[in-house]
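Taking the hints into account, I'd like the entire structure generated from these sequences.
Chain by chain, the residues run as shown.
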Amino acid sequence: MIRISAFLLAFALLLSACWRTKVPHPPASGAIASDPGGTAGYQHGLDRSKFTVGANRHEVSEFGFVKVVGSEGTFAVDANNGLAVAITNANSPRAKSTRWYTGDSTQHNQIVKDYFVGAGIPKEQVGGVHATMSLSTSANGEQLPRPQPGVGGYQSILDRKIGEVPVVDSVAWARMNDAGEVLTEWVYWPAISAKVTADAGRMRELLSKDADKKAYLVKLPPNLPAGTVVIRHSSATSAQPFEAFASYDVLERRTSPDASTEQGPGSRAVLIVRHFDINGEERKLPQERAQLAGDYPSTKRQPEAKRPQK
Amino acid sequence: MPGKVSSKFTIVKRFGSSVIIAPACLTILMMCGCGGTSNGLVVESVNNYSLRNGPSLSNSVANGDGFIKGMTVAGSPWSLTTRWTDLNVWDTDFMDPDTRQAIGDDGANFDKPGTAISYFTGHGFCTAGCSSQSCTTTSACTTPNAAAGDRLPGTCRFSPLDKPRCCYMTDRMAATSGQFDANNGVVNYTSGPVRWGESSTSGGWAQADTNGGTNLVILDISCGILPTFWYEALRNAAAGVHMIGTLLIAGGDTANVSDRGAAFAKMWAANPEGSVSQAWLDTMSALPLSEGRGINGYGCNIMVAMDGSLQAVDQKMNESWSDLRNDNNDSKGNSWYSARWQCNYALSATDKFAWELP
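First to last, the protein sequences are chains A and B. Heads up: the first sequence runs through residues 1 to 310, numbered per this note's numbering. Heads up: the second sequence runs through residues 311 to 668, numbered per this note's numbering.
By construction, these hints were calculated from the structure, which means they are not laboratory data. Even glycine gets a Cβ: it sits at the ideal position worked out from N, Cα and C. Keep in mind that the hints are not guaranteed to be accurate.
[What the hints assert, rightly or not] Simulated coverage check for chain A against chain B, where a stretch passes if three residues somewhere in it have a Cβ under 8 Å from a Cβ of chain B:
1. 87-99
2. 129-140
3. 230-244
Pasting the structure below:
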């Protein structure tokens, strides 16, 4: 009995600690200022979002996000880098619908672009709008002919540019329904410093002149295909300190150097995006450097023991 | 600049201790009322293909580790049980010794009991099964090249890059380059000794005992599925697992990007009540355009659920992340399927078919 009482007391104290927890507020929408000469970013917030969190609205801070949570879904802002993500709950009728948008992708692109520009993404920074398409099907596996997948709707993605230079890792996308409501969105549009913006301009200029281009390319590894000047920055998923740089991005195709090592069926090749800064130095983005130390568990069972004894 | 961004979040640091307490309370409360849950993470990542099945990759380990980091933030209900990389990833990790071929050790690795999510990132084989025979209907595709490993059924397949032509069913396979590979680094999940998710709650209907347990498999590889064989490609491996997510290629190949896994994890962290299947699909839209949204060319993120009834597969496709941990949801069969895709291109308004002329 005493043990039960002690447990209940501990449980009550724990609950009271939960209730006293103070939760930070997610930020409001607005421009993210840069240094002088740089390029402003955009912070997305629930105040300008067309996402509905539903009833029982409350604020929570968990898993690195500050959130507004409701019966229909959650609007969350990454406390580290400002990434804004809104996601409908799986059990919401809106999430379970297999057809939520009946227009075409071009119409959806325009609606989403207007929405984000209206919310505060600078129009001159919108480099393009592209749609991804959602489809679904269900059937018995023996059913022939197989039922054709049906289109449920689209996601429209805004790509970013500063001047004529693409800012590859900035993304704003949304999935909207026929009622103009946002079902899911993801916005990461950080400010870009004056140095990075200027470096990108200098790289474009440098690569437009034959002599300068030759002098630059000789600093790179040999036999690379032609590249493109872009601005790269930390991914929305990175928890590392923010990095951005002007880059000459090259898409390199690699095949196995020795065809005899290509065992197994079919041949393989890989395409790898390599980044070179204004000095010709190869760079890796924080998300490309992410690596944990050591395997886990630290030792693996030897194959003799792994083999089935049958 | 980020300084400005982070200044908006200084309040998080100010209330740091409270922020830590809240998720801890939530986790304890959840643990009080539940049983039969799996929360383990198994991640196997291969960059180094120096032994076989090359060329080597550069982003798989960062990709797998990004997933781990994102899923194991403070207060997370998930726990890492296995991380193997490079030469420590063996083809036997994925194979079930209780199948007829009696090879493998998946119960200690990729399909370890108590696992919620098993994530492999590395190479896949892209044998397409396509002929040069042009077509206007699938019923015309009846002559597979058996010598090349093709077999029926056929499909009159097209893509943004290819005019309609007859293609046939071929096995789908992941590739390893392990120090102790037993099958040349070939993991044939279409017809090989692979069964995932068999458990005491799923039952032993897949004839692979009940000693597995993963609830979600992600195959972040080349050509995980080719259209339109989503059911045929995965039925063999679906032995209790709730869902299998991978990439479907429609002209081109999977890009070996560093942050697909991390983007998937962010979806969970942002809303644990969100849909797992939708989260995998939405990682596509979160990736940079210049890297094809994770695909060089045209293709889709795909999630497939299998179970014994239409109602059951629809339930799985709508699972939240907490539903995913519930072993009572393990599949009791694989005769029905539900599949969802998100593709990096859109059909024109007049197109009625996605990948196949029926």
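Evaluation of the provided hints:
no., hint, in the structure
1, 87-99, "holds (count 7)"
2, 129-140, "holds (count 11)"
3, 230-244, "holds (count 8)"
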